[in-house]
Structures are given as structure tokens and as C-alpha cells.
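Trainee: Below, each chain spelled out in residue letters.
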Amino acid sequence: MIETTYREAVREAIRDAIKRDTRVFLMGEDVGRYGGCYAVSKGLLTEFGPERIRDTPLSESGFTGAGIGAAMGGMRPIVELMTVNFSLLALDQILNNAATIRHMSGGQFGVPLVIRMATGAGRQLAAQHSHSLEGWYAHIPGIKVLAPATLEDARGMLWTALQDPDPVLIFENVMLYNMMGKLAADAGPVDIDKAAVRRPGRDISLITYGGSLWKTLEAATALAADKIEAEVIDLRSLRPLDDATIMASVAKTRRAVIVDEGWRSSSLAAEIATRIVEQAFWALDAPIGRVCTEEVPIPYPAHLEYAAIPQVPKIAAAAKTALGRA
Amino acid sequence: MTAPADKLHLSREHLLDLLKQMIRIRRFEDKCAELYTQEKIRGFLHLYDGEEAVAVGVIPVLEKRDRIVATYREHGQALVRGVPMTKIMAEMYGKQEGCSRGRGGSMHLFDQATNFHGGNAIVGGGLPLAVGLALADRMQGGDLVIACFLGEGAVAEGEFHESLNLAALWGLPVLFVCENNLYAMGTALALSESETDIQRKAACYRIVSEAVDGMDVVAVEAAARRAVQAVRESRKPYFLECRTYRFRAHSMFDAQLYRDKAEVETWRQKDPIVRFQEWLEASHLIHAQDVLRIEAEIASEIAGAVAFAEAGTWEPVEQLTRFTYAESALPADR
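Going line by line, the protein sequences match chains W and E.
Position one of the first sequence corresponds to residue 1 (the working numbering), numbered consecutively onward.
Position one of the second sequence corresponds to residue 1001 (the working numbering), numbered consecutively onward.
Hints were generated in silico from the structure; no laboratory data involved.
Quick caveat, the model's predicted, so the values are computed rather than measured.
Glycine included, each C-beta is placed from N, C-alpha and C at the ideal position.
Be a bit skeptical, because a hint or two may be false.
[Claimed, not checked] Computed list of lysine to aspartate or glutamate pairs in EDC-like fashion (alpha-carbon distance at most 20 Å, straight line): (1) K1236(E) / D55(W); (2) K1236(E) / E51(W); (3) K320(W) / D285(W); (4) K42(W) / E3(W); (5) K182(W) / D203(W); (6) K19(W) / D285(W).
[Stated by the list, open to error] Partial list, computed: chain E residues near chain W (C-beta under 7 Å): (7) R1103; (8) T1114; (9) I1122; (10) V1123; (11) G1125; (12) V1131; (13) G1132; (14) A1136; (15) S1234; (16) F1308.
Kindly produce the complete structure, drawing on both the sequences and the hints.
Mentor: Structure representation (C-alpha cells):
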């Protein structure tokens, strides 16, 4: 085991992919000389040169579309959109091209592209730099959406995503980049289609992903002090969703709370709750709970930002409500 | 008719082929319009009527290995590129024998065999794809030319400017072919651009650019030879603006309230087919029988395409969600 960070795990994943496959290259804003907005790609330009660590102008639509074209042309690009907030400038390319070309062409042309981006609030960056729109992207058929929350997934999901013949979006929560932990020295590719039970429990299922995983695990620890054994599920893949793991957990615990940093209305949490109702209604002993972001653009002041997004006390309280112990 | 890029081949055979390709597009689309009124073809149908000299002048100059990114007004491009008319017509019908298995329709003709990358119906959205295809070719050490068709309406889109900048900045082999037909749907160029001389915009990005009479197939072909050769050798982008006009409505839903009939009539005097045919006749390069023969061949081909489409089959509804993601194995017929 080696001591590392989420940031270094992502960097190692990129380095490994570029070494393994001559078709792989990274492009995005400030990925080269600056070293990446979040320092993920620091040092890679020196190691691999400007062709494979390609700085782009601030042309999100242009270089995302170029990634799609390059993927169709036989390369395996990793496009880094600095943050999900700027991905909106590339939404036309992601939705109208990457997600549709295989279908529109009757299966003739595929887009084996990986798009990485940072997501989430928590750094007092205010309303235009704090979005969590991964749930939006999970709405779109034709793409896959991943949310690595652990060091293993930060290290292992990229290579598997690059092997996928279809476009894969990877969302890295900004609050995780500094997270430290132990990672096996030989850590490598992981599956990208299964949810993981991060903490087993019998009383309630807490279903979450990404940056909220750690808050949810902390809430589960707090609940244990009150003799509540919560099961924590890390979705890992937001599209497709691993219904089987979710339903197996709910069948066991008979109660569920979904924790999602997206806004509550029309959210990924709404989708998961609906699926539980559709597939496991008779197993439920209580209404499904949701802890989502409040219906407000993310504010700048720390106390308001804190109040806007899911936090440990809210998660624990929602679990107790579902258990009738509020 | 793929002659060396450095000289024009104005042999009688070549000239006849240029004429035939233009008439072939015109007659095919006349048939499409007719089939549209019969509700055999539905959705949007954008006809190329008047602009044929652009596709016919440019596409045969490309090599087979080159790649093409087209717009939603792309029947002509697909036909000239060699996508079988039968498969194009079946696509219009939505039949699974179509070039995109019926999934795309008129606006999304795709064909892997001829490197025809659509059929892109978001204005400007195809340009970044062409940039990426060119980037892939450069990184693989290839010598391709990526031909990217766009209308002048795309010039107002951010993706136009982003793509031209990237192509020039990174030195990518993209031939941008702007079909300037003066109207973005119903909005005249002068009402949407502060600078209406479009090729100047490309020049601002340090891209070699030129404008050509898009109603003159020989002029377009000559310009395309210069352009393709320049891209092939320099591995840098080139911008060719073809000044043309669409005689018919934007789509089948357009009452054309935005332009005078007299203006359309003026442009009809420059009809690329009529003009070229008259020149060929005046120069004694073709005979009346040649045109009759061409028309007969095309009529027969179109009849065959319609019969093929009529005989085509509907994809079973059970297969609705196919092609959303890759399948490990495609059916034997692909």
C-alpha cells in the first residue's frame, strides 16, 4: 500500500493510460503548462510532450467536438473540461453529437471518448462555479456517467472507460482531490458498471455517490452510535444505474435515503426513488427520504453554502426520520 | 474523374460526368419532393436545388480515403461521394436498408464505406468533428484531407470561430467548404453578419481562403483542386467559400416570405446545370443525344432507388433501442 491522494490517483491513471496506448492523449484548458486547474496533470507535459498533453484555447465546444472527431478517427482522447460548469458550453457536442452519432449512423460510427470534469460545491466559488450536474448528464441515452469517490476508483475507472466503445463522462468531486489514503501499489483498472456497498448494515440503505459518499459514511458512523446500522451504497456509475445492488439492499433494510448533491427537483435522487418504488415498493416500510441541494443557486458565504448542500447532520436526520426515530 | 490535383481535365468525358452528376442530384431531389408530397418521405427535407455545382465540383477531387463531414442539406454530397442512391432513398423512407439503417433520415446520411461522417443537423456542430478527425489524422501521421461542408449560417455560431481557430492554431488538414446561399433559413446574410464577405473571416484566422462562383462547376472544381492540393501538401486548413443560391424553399415547410420572387428568378438565370449545359452545347462538346442519354440513365437509376426503398423493410419495434450503445456483434447484413 502507498500513501497517496485522489488527485495523484487520477494523475497516475492518466499517465498509465498514455503509456499503455499510443492512441490516448489528454486535452483541455490548462492541462499542460499550468499543470491542470486542480493540478491533476502536473508534470505530465514534461513527461509526454505537447502532442499528448494538449493545451486548448477556451473553446469548450470546439475541443470537445474535436475529441469526438478524433475518437471517430481512431484515437482515444481524454478531454478534460475544467469543471462541469463550463461543460455547458460543450453541451451541444456532448448531447447532439457524442450521444447520438452511433444511433444516427445506424451503428456505423462510434465515439470512444472519455470526458473528465470536476464537479460540486464546497469551496465558496459561488453560483457559477459550484454546480453538480452529473444527474443531468445521466439523463442522456448514448453516454455513460461515472462518479469515482474512492482512491481505487479514481485510479481504476479511467482505463476501463477508455476501453468502452462509447462516450464516458467521469465526474470528479472538487472536494475529493486533496483526500489522502492508502492505495495498493499495483492498483489498476476496476469495473465501471456496479455499485458498491461501502458499509454494510441492516437498518436503512443510504444511497449516494461522489463527494457525498464520505459525508454519508460519516453520518453512518454517527448513526451507529445510536444503534442504527446503516448500509451505505456508492453508486459509482450514474448511468447505467446498478438497480440490482440498490434493490438487494432495500429488500434487506426496507428503508432508503438518497443523498445527491444535485438539486432536488427532477434529480438523480428522484430517478432512484422512482426505481425503488417501481421495483421494491412492497419491501418498503417507510417513505423514501432524500437529502439533496436546496433549490437555490449556490451562495458565496460559507455558512450559506454549507446549508445549501448535503451535510452529515442532515443525512443522519433523514435516516432517523425514515426509521421513525426523528 | 479523379485526375491529378494539379491540373484540370476538361476532357469531353469529364465534362459530361460533371453535367450528369449535377442533373443526377437535381432529378433525385425532384423525386424526393414528389415523394414528400405523397408522404413517403417525412420529417425535414432540405433540398440542394441550385447548389449542385458545389458538391459536384468539390467531392470528386477528394481521394477515397479522405473524410467528409456534411450538413443536413447533404443529399448531393452523399450521392456524389458514392453512397448508393438506393441506400439514400431507403434512408429517406426510414427503411432499415437505408445508409443509416433508417435511423437518421434525410438529415443524417452516414456511410462508413465512403468515409461519409453525416449528415449533421445542428448548424455549426459538424465543424469541431472535422477538426477532431483532422487531429486524429495528424497524430497518426496520415495524409488525409477532411472536407467539412458548412452553410453561411454557421458563420454566426461560436463553433465556427472555435473550429477555425483550432484548425489554424494546430495546423490541421481541414478543407472548409462554405456553401454561401445567402440565407440562414429565412434570414439574409446582411441581416445576420456585420461582415458579409465570409472568406475574410477565415483569413482573420490566418487560414488561406478564397471565394468562388458556386454556380460554375468548372470554377468550383478548379478552386477545389487548388484547395485540396494545398491541404494535402501543407497539412494546414483552407477555406473555400462557394457563392451559390438555393432555388427552392429552406425546407418543405417554408413559404419563402423573406425573399422576392424576382430575386429567385434572377438567380435561376445562373442555374449551374442550365448554364453549364448551354456552354457545353455552344462549345459543341455535347450533343442533344448525350443529354437525353444522361436523363434516361438517371431516370432509370431513380426508378430503381424508389423501387428499392419501397421494397425495403421496417426495423422491428423490438429493436427500438439498438445502436444507443455498441453491440458486441452487429447482424450479418452489416
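Trainee: All hints, please: hold or fail.
Mentor: Evaluated hints:
Our distance criterion of 20 Å between C-alpha atoms is met by K1236(E) and D55(W), whose separation comes to about 19 Å. Only pairs whose Cα atoms come within 20 Å are accepted, and K1236(E) paired with E51(W) is accepted, the gap being roughly 16 Å. For the suggested pair K320(W) and D285(W), the alpha carbons sit about 13 Å apart, so the restraint of at most 20 Å is met. Only pairs whose Cα atoms come within 20 Å are accepted, and K42(W) paired with E3(W) is accepted, the gap being roughly 18 Å.
With a C-alpha separation of about 29 Å, the suggested pairing of K182(W) with D203(W) is violated against the 20 Å cut-off. The straight-line distance between the Cα atoms of K19(W) and D285(W) is roughly 51 Å, outside the 20 Å bound, and the hint therefore fails. Taking 7 Å as the C-beta cut-off, the interface hint given for R1103(E) holds, the closest approach to chain W being about 5 Å. Of the supplied interface hints, the one on T1114(E) is violated, with its beta-carbon coming no nearer than about 11 Å to a beta-carbon of chain W, more than 7 Å.
For I1122(E), the suggested interface contact is upheld, since its CB lies about 5 Å from the closest CB of chain W, less than 7 Å. The interface hint given for V1123(E) is violated, since its Cβ lies 10 Å from the closest Cβ of chain W, which is over the 7 Å cut-off. Proximity of G1125(E) to chain W holds as hinted, the smallest CB-CB distance being about 6 Å (cut-off 7 Å). Interface restraint check for V1131(E): the shortest CB-CB distance to chain W comes to about 4 Å, inside 7 Å, so the restraint holds.
Interface restraint check: G1132(E) against chain W, minimum CB-CB distance 2 Å, threshold 7 Å, status holds. With a cut of 7 Å, the hint placing A1136(E) at the interface with chain W holds, because the nearest CB-to-CB distance is about 3 Å. For S1234(E), the interface hint is violated, the least distance from its beta-carbon to any beta-carbon of chain W being 19 Å, above 7 Å. Checking F1308(E) against chain W: minimum C-beta separation of about 16 Å lies over 7 Å; hint violated.
Checked against the numbered hints listed earlier, the structure breaks hints 5, 6, 8, 10, 15 and 16; every other hint is satisfied.
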